[in-house]
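Chemist: With chain D's structure known, arrange chain F on it following the hints.
There are 2 protein chains.
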Amino acid sequence: MHIARSTKCVAVQDTFWKKYKKIVAEEVIPYQWKALNDVLPDTEPSHAIENFKIAAGESTGEHYGTVFQDSDVAKWLETVAYSLRDFPDIKLEQNADEVIALLGRAQAEDGYLNTYYLLKEPNNRWTNLRDNHELYCAGHFIEAAVAYYETTGKSELLQIMERYVALIDEVFGPEEGKLHGYDGHEEIELALVKLYEVTDNRKYLRLAQYFIDQRGQRPVYFEEEKEKRKQINTAPTWNDEENVNFGLGFEYQQAHQPVREQQEAVGHAVRAMYLNIAMADLAAKTGDVNLFETCETLWDDVTAHKMYITAGIGSSVNGEAFTCNHDLPNDSMYCETCASVGLAFWANRMLRLDPNRKYADVLERALYNGTLSGMDLDGKRFFYVNPLEVNPFQGARKDQEHVKTERQKWFFCACCPPNLARMIASVEDLIYTQTENTIYTHLYIASQVQTTLNGQEIGITQTHEYPWDSRINLTIQTEEPAEFTIALRIPDWCKQAVLSVNGEVISLEDLDKGYAKHRRVWNDGDIISLILSMPVERVRSHPLVSMNQGQIALQRGPVVYCIEECDNGGGLAALRLPRNASLEDQFIPDLLGGIVRIQSEGYRIGEPQSLYYTGEPEHVPHTITAIPYYAWCNRQKGEMRVWIYED
Amino acid sequence: MHIARSTKCVAVQDTFWKKYKKIVAEEVIPYQWKALNDVLPDTEPSHAIENFKIAAGESTGEHYGTVFQDSDVAKWLETVAYSLRDFPDIKLEQNADEVIALLGRAQAEDGYLNTYYLLKEPNNRWTNLRDNHELYCAGHFIEAAVAYYETTGKSELLQIMERYVALIDEVFGPEEGKLHGYDGHEEIELALVKLYEVTDNRKYLRLAQYFIDQRGQRPVYFEEEKEKRKQINTAPTWNDEENVNFGLGFEYQQAHQPVREQQEAVGHAVRAMYLNIAMADLAAKTGDVNLFETCETLWDDVTAHKMYITAGIGSSVNGEAFTCNHDLPNDSMYCETCASVGLAFWANRMLRLDPNRKYADVLERALYNGTLSGMDLDGKRFFYVNPLEVNPFQGARKDQEHVKTERQKWFFCACCPPNLARMIASVEDLIYTQTENTIYTHLYIASQVQTTLNGQEIGITQTHEYPWDSRINLTIQTEEPAEFTIALRIPDWCKQAVLSVNGEVISLEDLDKGYAKHRRVWNDGDIISLILSMPVERVRSHPLVSMNQGQIALQRGPVVYCIEECDNGGGLAALRLPRNASLEDQFIPDLLGGIVRIQSEGYRIGEPQSLYYTGEPEHVPHTITAIPYYAWCNRQKGEMRVWIYED
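Line by line, the protein sequences are chains D and F. Position one of the first sequence corresponds to residue 1236 (the numbering used here), numbered consecutively onward. Position one of the second sequence corresponds to residue 1236 (the numbering used here), numbered consecutively onward.
The shape of chain D in the complex, shown without the other chains (with noise of 0.2 Å):
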């Protein structure tokens, strides 16, 4: 274990993610601020703004939504917080001080502030904090805080939530006459690490350690907490009694053990991934080794087990959860937007730990495919459900109701678009991460970053046109030449890389952990260029993986790919990729916003007149064109898959 900090100061100048930050700064957020504001036809009334209005005296009314309504004002927040950096914008920020001031007025006396609590159940505070993600709701506004602070100087927020974090501090911790709880969906606890991070203040660090510890200790609290609630007053929550945790027991908010014993990722993904990276970032401050173990256990086991292609998780519906090893059906999974920017997050923070590519090469598969595929490419609608097949039948499961195949505006439990989008905004922060005197670079976005390495100031500028073409040029920039060594990921999916700096090329036999190390005395100047090779793949599943089998998918660079009704027509199950048919890829720039596009000679099975049949099937030649999985559903409805059956 290493302890490594992300770089920041990077600017984006990529043509890929540039458009995509900018359709956040045009679009969605100016739309997550109308759905806020429930001034948005046709779609589900958010009511978040207003219950802030009703908790600070200013409207009247009830609190309207789920419990973890507050947590939608927080991630648009801290969406324009990053948004900011790229596209300063007085109005956006005027609105987001008043809305912070709003926070301000809405919070009590105490420093309580969860609108839900304030309104509904004012006597029943930290009563459900197995279902009722008041803790949950204060983390998102710490990160908001701290990124508000960040971008803007202003501290504000940041004020009102360490008010609120004094008061969290006294209800809970390992003391006497103190709660020995810990929310069931885990958040506040990396929030902590990142208040600490801006503060120094060490008590946050402290709280967020009890939380983290004290999860899964017997009796697990929920248990006591349930028994005590039978003495109050209170609402029966979303969390039914009859099927607790949907049956999947303290797992589901990986409460059933100590979390240092956890060796399997268990239960809601989104709350498995909150929790990995509190346990990566809470290691890299204080140095505990046993925690970083624990989490590379967990990646090992997502990865190798619990992982689509497109870096999607969470295989069942049935608690948008983990199952077990190698169950990854295609059509009826979950696959949350949200978790997989989760599993981006958490790489980011393992880079920061251990810069190996295998982090590295997920962040990147969760960037192109995963996470993106939760939005349009307009920005208007979005997948909180990420199929990675949908069948002609798919309308007519009642039972897969959770698979939406399209788009939608908006959501009663809106957290997916704007996890995505805050993701989107500070896409600079994943790029680099740095030691004293090493630069590592985990993902090729064309940027700009100034940063200090060993004590000099540098610059480094990555141009191209990734992740469509190959060739990667960065230049460094120094006033002075200055000694450091850069790390550049090769990715694992790259069977042939070749790197040279000002025209010399550099051996790539002994790579670190996937990372070609160049130390040297850099000039101003001096240009690096990589090339990886990016020919069409065909991926395959471990054999364990049983609905996947006898197909193939398509994966160019980091961009896995999909056929769709609309270029290739419906029944693609149909289809066959024959084993040596060569794979066409051509960039279209006026296709879906510009992308590579896949094509291949194969053939179609002809319709038989019986369900069932013997003899050899009909062969109809058909050419199957693929495009990238993330732009999926932006042409017309219809049937869609990533893996393709080859022959």
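Hints are computed from structural coordinates only; laboratory data are not their basis. Mixed in with the good hints, there may be bad ones.
All copies of an identical chain are treated as equivalent in the list; a pair is satisfied when it fits inside any one copy or across any two copies.
As the list claims (entries may be wrong) - Cross-link-like lysine to any residue pairs, in silico, SDA-like; alpha carbons within 25 Å at most:
| id | residue 1 | residue 2 |
| --- | --- | --- |
| 1 | Lys-1730 | Gly-1841 |
| 2 | Lys-1633 | Thr-1472 |
| 3 | Lys-1461 | Gly-1412 |
| 4 | Lys-1872 | Glu-1528 |
| 5 | Lys-1633 | Glu-1477 |
| 6 | Lys-1730 | Thr-1720 |
| 7 | Lys-1520 | Thr-1673 |
| 8 | Lys-1461 | Ile-1674 |
| 9 | Lys-1633 | Glu-1458 |
| 10 | Lys-1389 | Trp-1268 |
| 11 | Lys-1593 | Arg-1754 |
| 12 | Lys-1748 | Gly-1850 |
| 13 | Lys-1520 | Arg-1839 |
| 14 | Lys-1633 | Val-1552 |
| 15 | Lys-1639 | Val-1552 |
| 16 | Lys-1633 | Glu-1476 |
| 17 | Lys-1872 | His-1540 |
| 18 | Lys-1730 | His-1854 |
| 19 | Lys-1593 | Tyr-1848 |
| 20 | Lys-1461 | Lys-1633 |
| 21 | Lys-1752 | Arg-1706 |
| 22 | Lys-1593 | Gly-1850 |
| 23 | Lys-1639 | Asp-1566 |
| 24 | Lys-1355 | Pro-1716 |
| 25 | Lys-1438 | Ala-1816 |
| 26 | Lys-1243 | Ile-1289 |
| 27 | Lys-1326 | Asn-1272 |
Modeler: Showing chain F alone in chain D's frame:
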């Protein structure tokens, strides 16, 4: 449409079926008797006999069990009636007589007989036809009464049921003042036709006709009934009002439109089968061509779009229902044993109207596959749900807990074991149908039949070792030469059949709907020899069945095969059957009660280092061993697959 009747008086001498009939007589009937009387340890109590005792005032306590608990007694009685034909058993008959006498004592003054309402809601009879199965239970007792009368000549139960039906006829009908309802679970309709057959009382036929034609008329009766229920005090039912009919609307009960307008099989599969049987039966009695055509339309829909290769039906646990075309998941399906039993019975009824092998082929498919799989080879454990694929991760799927990976001893809802038992006990009734001068041989089951053709008593003896051996002999017994037609089904699965009479080969060029018809003057001792070649076939699915692509099923004769973990090791999805591999079939007398086993040289995909990989997979030679699907899970619990990946 022609009108034939099933040929009765058939004595089964078949190695395959006689064994099952013996198991039903010696194991299943006594076991179920114990279950009904609650003397089994470690199983769900039934309480079914006790409910009747309480209703008769001979015991005390409350009703226990489902609203249709009574029907378990009915199905037991019906099975006993059939079984007594083969295995006379005075003690058993006494038991049955005593049960019947108990039913008589439990019957209300006015003829009513349903223990749930008699004991639980005496004032609420006929107030929830949608959910509470009163007429369904009556139907099963009518079937039992008819069967028991036909075997034993005893009419006590028939009288009890005629009294009950007289009451039902007073309550239900198109006339003013009667309830314009029908049962939420079809069954009484087909039973009333049977009652008509033995009594010749056309009132029963009219009542059946009424129930059939009333179903699905607008406004839907269940809506009216629900409104009326608001006026009374009645218990909530199993059918959750929040998600009534599992979200399937009145399709669940095939009451979404008048039955004659229905073009697609929808809703609960068992309900649909019982409706279709009744429609076919009514068509046979009334010559109603329109009803027959409706049946044929529905038949073609089921068998062309919605039936598993095992003759399983019901793709979804939600409502235990049909979904839409080609949606045939192999691991999460329902495929209730009862539904396949219903499909077999329906096929038999269709053959009485139209001797077309499309019906008999499915009848045979159901008999040798998706029905028998519901019971182990000892008759001691049962599947309710019959999966076609069990993966290592099946157990972790909380939302697929309906799929058991081993047979269970008894069920709280114990419909399947007795349903299967009555089918086995009466399998001889499915072999032949006949018109005035033609006898149709639909099934090849070694047996001796006595019947009258063209006014002459004749006998036919089938001798063979079907389904394992391709050579079938039929011998004619007749006192005097007799002219009639024998029609022999040439199964669709058979690519090469040879028919000869007394050694002279008969051309099979001109089959009539799949039947070889041979008319002649038959003499005593004439021998018909039929060779139905049964090499192992590789069967493929229609390309719209996305989950079966790239895979084949092995079928030999009518028997569908599967591969099991105990023969092939775990990780069955890793096995590959090369397209050109020869398939060796061999009869193994001491394996699974004597079966033909299939073996082939194939290979296993080696386990790669990672979940996803590029490059060629490793091929590890492996001998693939397949056994008949119906016999799976008789040695060890483990993985199983019907569909095998081909290469």
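Chemist: Now look at each hint and say whether the structure bears it out.
Modeler: Verification of the supplied hints:
1. Lys-1730 <-> Gly-1841: Between. Shortest inter-copy distance 21 Å satisfies the 25 Å Cα cut-off; intra-copy 37 Å does not.
2. Lys-1633 <-> Thr-1472: both (24 Å within a copy, 21 Å between copies)
3. Lys-1461 <-> Gly-1412: Within one copy only: 18 Å inside a chain, 54 Å across chains, cut-off 25 Å.
4. Lys-1872 <-> Glu-1528: Answer is neither: 44 Å inside a copy and 36 Å across each miss the 25 Å cutoff.
5. Lys-1633 <-> Glu-1477: both (22 Å within a copy, 14 Å between copies)
6. Lys-1730 <-> Thr-1720: Only inside one copy: Lys-1730 and Thr-1720 sit 24 Å apart there, 73 Å across copies, limit 25 Å.
7. Lys-1520 <-> Thr-1673: within (19 Å within a copy, 89 Å between copies)
8. Lys-1461 <-> Ile-1674: The answer is neither: 49 Å in one copy and 71 Å across copies each exceed 25 Å.
9. Lys-1633 <-> Glu-1458: Close across copies (22 Å), not inside one copy (33 Å); limit 25 Å.
10. Lys-1389 <-> Trp-1268: Within one copy only: 20 Å inside a chain, 79 Å across chains, cut-off 25 Å.
11. Lys-1593 <-> Arg-1754: Result: close within a single copy only, 22 Å intra versus 76 Å inter.
12. Lys-1748 <-> Gly-1850: Result: close only across copies, 21 Å inter versus 51 Å intra.
13. Lys-1520 <-> Arg-1839: Close neither inside one copy (56 Å) nor across copies (47 Å); limit 25 Å.
14. Lys-1633 <-> Val-1552: both (13 Å within a copy, 10 Å between copies)
15. Lys-1639 <-> Val-1552: both (12 Å within a copy, 20 Å between copies)
16. Lys-1633 <-> Glu-1476: both (23 Å within a copy, 16 Å between copies)
17. Lys-1872 <-> His-1540: So Lys-1872 and His-1540 pass the 25 Å test across copies only (23 Å; inside, 31 Å).
18. Lys-1730 <-> His-1854: between (33 Å within a copy, 23 Å between copies)
19. Lys-1593 <-> Tyr-1848: between (45 Å within a copy, 14 Å between copies)
20. Lys-1461 <-> Lys-1633: Between copies only: 23 Å across chains, 33 Å inside a chain, cut-off 25 Å.
21. Lys-1752 <-> Arg-1706: within (18 Å within a copy, 75 Å between copies)
22. Lys-1593 <-> Gly-1850: The answer is between: 19 Å across copies meets 25 Å, while 46 Å in one copy does not.
23. Lys-1639 <-> Asp-1566: both (10 Å within a copy, 22 Å between copies)
24. Lys-1355 <-> Pro-1716: neither (63 Å within a copy, 92 Å between copies)
25. Lys-1438 <-> Ala-1816: Answer is neither; intra-copy 61 Å and inter-copy 69 Å both fail.
26. Lys-1243 <-> Ile-1289: Close neither inside one copy (38 Å) nor across copies (79 Å); limit 25 Å.
27. Lys-1326 <-> Asn-1272: within (16 Å within a copy, 78 Å between copies)
Hint violations for this structure: numbers 4, 8, 13, 24, 25, 26, all remaining hints satisfied.
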